[in-house]
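Student: Sequence:
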Amino acid sequence: MAFLDEMTEQEVKKNKTIRGYILRSLAKGSNNTLFVKQISNALYAENQIYNPDIGKYLEYLAEAGYIEFTGKNIHAYNVYAKDGIIKLTRKGVDLLEDTIQDPGVDV
0 MAFLDEMTEQ EVKKNKTIRG YILRSLAKGS NNTLFVKQIS NALYAENQIY
50 NPDIGKYLEY LAEAGYIEFT GKNIHAYNVY AKDGIIKLTR KGVDLLEDTI
100 QDPGVDV
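Residue 0 is where the sequence shown starts when you use numbering that gives the first Met the number 0, and the numbers rise one by one after that.
Keep in mind the hints are simulated off the structure, nothing from the lab.
The reader is advised that the hints may include incorrect statements.
Computed cross-link-like contacts, DSS-like style, restricted to lysine-lysine with a CA-CA straight-line distance of at most 27 Å [as the list claims (entries may be wrong)]:
#, residue 1, residue 2
1, K55, K27
2, K81, K71
3, K86, K71
4, K86, K12
5, K55, K36
6, K55, K90
7, K90, K12
8, K90, K36
9, K86, K36
10, K86, K55
11, K55, K71
12, K27, K12
13, K81, K55
14, K81, K13
15, K36, K15
16, K13, K55
17, K15, K90
18, K15, K86
19, K15, K81
20, K15, K55
21, K13, K36
22, K81, K36
23, K71, K90
24, K27, K90
25, K27, K86
26, K27, K81
27, K27, K13
Turn these sequences into a full structure, and let the hints steer you where they fit.
Tutor: Structure below.
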């Protein structure tokens, strides 16, 4: 594993934690879905983020197949502005249930 300075290591840990938080939140939502603003507001209230834009975390999860966006023309970087909904996929459930592993997500 490459050497990471302390600041980078903390950022990596934070990213993993936030991705896991998003997946766990979706698992608690009705039909494994939530408005992205619900998740963003909860992360903000817990001082996990300082900006409501969680696009980079959503992009990682979507590209890995753990979440999907509902609605037309909705993607990681406009879902907040369009008050979009995200849904946990079957693969996301498998990750939460420890059926599969991803070192980039702290579940």
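Student: Would you mind marking each hint as holding or not holding in the structure?
Tutor: Do the hints match the structure? See the list:
no. : hint       : verdict
1   : K55 to K27 : holds (22 Å)
2   : K81 to K71 : holds (10 Å)
3   : K86 to K71 : holds (14 Å)
4   : K86 to K12 : holds (24 Å)
5   : K55 to K36 : holds (15 Å)
6   : K55 to K90 : holds (19 Å)
7   : K90 to K12 : holds (22 Å)
8   : K90 to K36 : holds (23 Å)
9   : K86 to K36 : holds (13 Å)
10  : K86 to K55 : holds (16 Å)
11  : K55 to K71 : holds (20 Å)
12  : K27 to K12 : holds (23 Å)
13  : K81 to K55 : holds (16 Å)
14  : K81 to K13 : holds (26 Å)
15  : K36 to K15 : holds (20 Å)
16  : K13 to K55 : holds (12 Å)
17  : K15 to K90 : holds (17 Å)
18  : K15 to K86 : holds (19 Å)
19  : K15 to K81 : holds (25 Å)
20  : K15 to K55 : holds (12 Å)
21  : K13 to K36 : holds (19 Å)
22  : K81 to K36 : holds (10 Å)
23  : K71 to K90 : holds (22 Å)
24  : K27 to K90 : holds (16 Å)
25  : K27 to K86 : holds (11 Å)
26  : K27 to K81 : holds (22 Å)
27  : K27 to K13 : holds (21 Å)
Checked against the numbered hints listed earlier, the structure breaks none of them; every hint is satisfied.
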